[in-house]
Amino acid sequence: MSVTIHIPVMLRHECGGHSKLSVSATSIRHALEELAKGHPAVYRSVCNETGVVRRHVHLFINSSLVTDDGLDTKLKPNDELFIMPAVSGG
Amino acid sequence: MAERLVLCIGTKKGLFIAEAAKTRRRFELRGPFGPGVPVYSSLIDTRGTPRIFASSCNPFFGMKIMVSTDLGKNFKETKSAPAFPKSDGRALENIWSIEPGKGKRELLCGVEPASLFRSGDGGNSWEMVPGISNHEHAQHWQPGNGGLCMHTIVRDGNRVHLGISTGGHYLSEDGGATFDAANNGVGAGFFPDPNPEFGQCVHKIATHPDVPGRLYMQNHGGWPERPGIGVLRSDDHGHSWHSIADGLPSDFGFPIVVHPHDPDTIYVVPLDPSTRTCPDSKPAVWRSQNGGGKWKRLANGFPKRDSYFTVLRDAMTIDSLKSPALYFGTTTGRLWIGRDGGEEWTCLFDSLPPINCVKVAVV
Numbered sequence: 001m002s003v004t005i006h007i008p009v010m011l012r013h014e015c016g017g018h019s020k021l022s023v024s025a026t027s028i029r030h031a032l033e034e035l036a037k038g039h040p041a042v043y044r045s046v047c048n049e050t051g052v053v054r055r056h057v058h059l060f061i062n063s064s065l066v067t068d069d070g071l072d073t074k075l076k077p078n079d080e081l082f083i084m085p086a087v088s089g090g
Numbered sequence: 091m092a093e094r095l096v097l098c099i100g101t102k103k104g105l106f107i108a109e110a111a112k113t114r115r116r117f118e119l120r121g122p123f124g125p126g127v128p129v130y131s132s133l134i135d136t137r138g139t140p141r142i143f144a145s146s147c148n149p150f151f152g153m154k155i156m157v158s159t160d161l162g163k164n165f166k167e168t169k170s171a172p173a174f175p176k177s178d179g180r181a182l183e184n185i186w187s188i189e190p191g192k193g194k195r196e197l198l199c200g201v202e203p204a205s206l207f208r209s210g211d212g213g214n215s216w217e218m219v220p221g222i223s224n225h226e227h228a229q230h231w232q233p234g235n236g237g238l239c240m241h242t243i244v245r246d247g248n249r250v251h252l253g254i255s256t257g258g259h260y261l262s263e264d265g266g267a268t269f270d271a272a273n274n275g276v277g278a279g280f281f282p283d284p285n286p287e288f289g290q291c292v293h294k295i296a297t298h299p300d301v302p303g304r305l306y307m308q309n310h311g312g313w314p315e316r317p318g319i320g321v322l323r324s325d326d327h328g329h330s331w332h333s334i335a336d337g338l339p340s341d342f343g344f345p346i347v348v349h350p351h352d353p354d355t356i357y358v359v360p361l362d363p364s365t366r367t368c369p370d371s372k373p374a375v376w377r378s379q380n381g382g383g384k385w386k387r388l389a390n391g392f393p394k395r396d397s398y399f400t401v402l403r404d405a406m407t408i409d410s411l412k413s414p415a416l417y418f419g420t421t422t423g424r425l426w427i428g429r430d431g432g433e434e435w436t437c438l439f440d441s442l443p444p445i446n447c448v449k450v451a452v453v
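Heads up: the protein sequence lines correspond to chains A and B, in order. Its first residue numbered 1, the first sequence is counted upward by one per residue in the numbering used here. Its first residue numbered 91, the second sequence is counted upward by one per residue in the numbering used here.
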């Protein structure tokens, strides 16, 4: 099914300026794998070389934070995946 | 075009370039490049058309290497940055050193966790150097305050010297294929054994091309019960080391720099080991003109009191003009120039972000 990935401003230069990307995926992990295929520079900014989501990057499905053990969560039609920088500062 | 002096200033908030005529009267500043992102290492590569490389270490989105082919007017990212093979299990945390390799396009890169990468195409692709990155000691190295970093790469023909904090000094004599710990005489204040085979917290290693067998090291000193282990010298290509700290106010510090025209002249910035700032709040660079036998305090132009900055391991350098000038950046964002080999100091820029590294070249 088609899933929309929202790209933060600071990563849009890695994907031709697009604010949203569309991938076909059944889980969050699958969506990241598709991102790696189509936009490897964006993927490398989100996940390190071991495939782990970077410490200061948060993923949300719709408005729910995805935890480290939630990458295999199944996606539903029209789900939206948000890539967000984690809060930094105080 | 007349020769120019180019300074690369890597800060907590990006890279700045300062440029001046050889008179060094006025430096023009530009940047920041990679704004907001820490830069821990840079290289002004003068082999052929000058290129400037700098690491851009984004704590959010990972590591990049920036390159400029117009003396730092514009930067772009190289096609890739060093990365561990997926099967390795380690992930790149930081880029601590970029140095020229053997060939014109070859670069070497020291990273955190302590490993060495090599590029044969000017930084567009990278491969891990297994001889040190997969060394049997690697699993025993521990991170220091700055992380587990490979911060120093010194090439001398087929020899490669590496400084790792905390891993110690490693030496290859076969062009980087294999490495051995070479820490005979390099002490540690944080192990029960004062002279372990490896695991020392080396801060910086410097050498001079005319006397490659001689090396100088700023090691992690400042241990009251183990005095003198902080500033060291080797005369046998790093196989053994001895103290040259006698006469310094502290043997703790980060950078160590060799005069470009005199291998006997070296510079250090002693710091109070507990605060890691200027001893008694009075900044000074110390110079030896006989290879560490005697030291002289250089402080003309510095504040006389109330200074509490740190000079980090890569934040001091020296240019190669006839009467060289030293440059150092502080964690309080000031960039100092020490004209006439450090005899007279002036602040060039006083409100930069905290400075991690400073490099200079005549181009």
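Derived by calculation from the structure, the hints in this document are not laboratory data. Don't take each hint at face value.
What the hints assert, rightly or not - Simulated restraints on C-beta separations:
#: 1; chain 1: B; residue 1: Y398; chain 2: A; residue 2: L65; range: 34 to 42 Å
#: 2; chain 1: B; residue 1: P125; chain 2: A; residue 2: L65; range: 22 to 30 Å
#: 3; chain 1: B; residue 1: K163; chain 2: A; residue 2: H58; range: 33 to 41 Å
Quantities reported herein were computed from a predicted structural model and do not represent experimental measurements. All C-beta atoms, glycine included, are put in the ideal place defined by N, C-alpha and C.
| field | Structure-inconsistent hints, enumerated in ascending order | value | none
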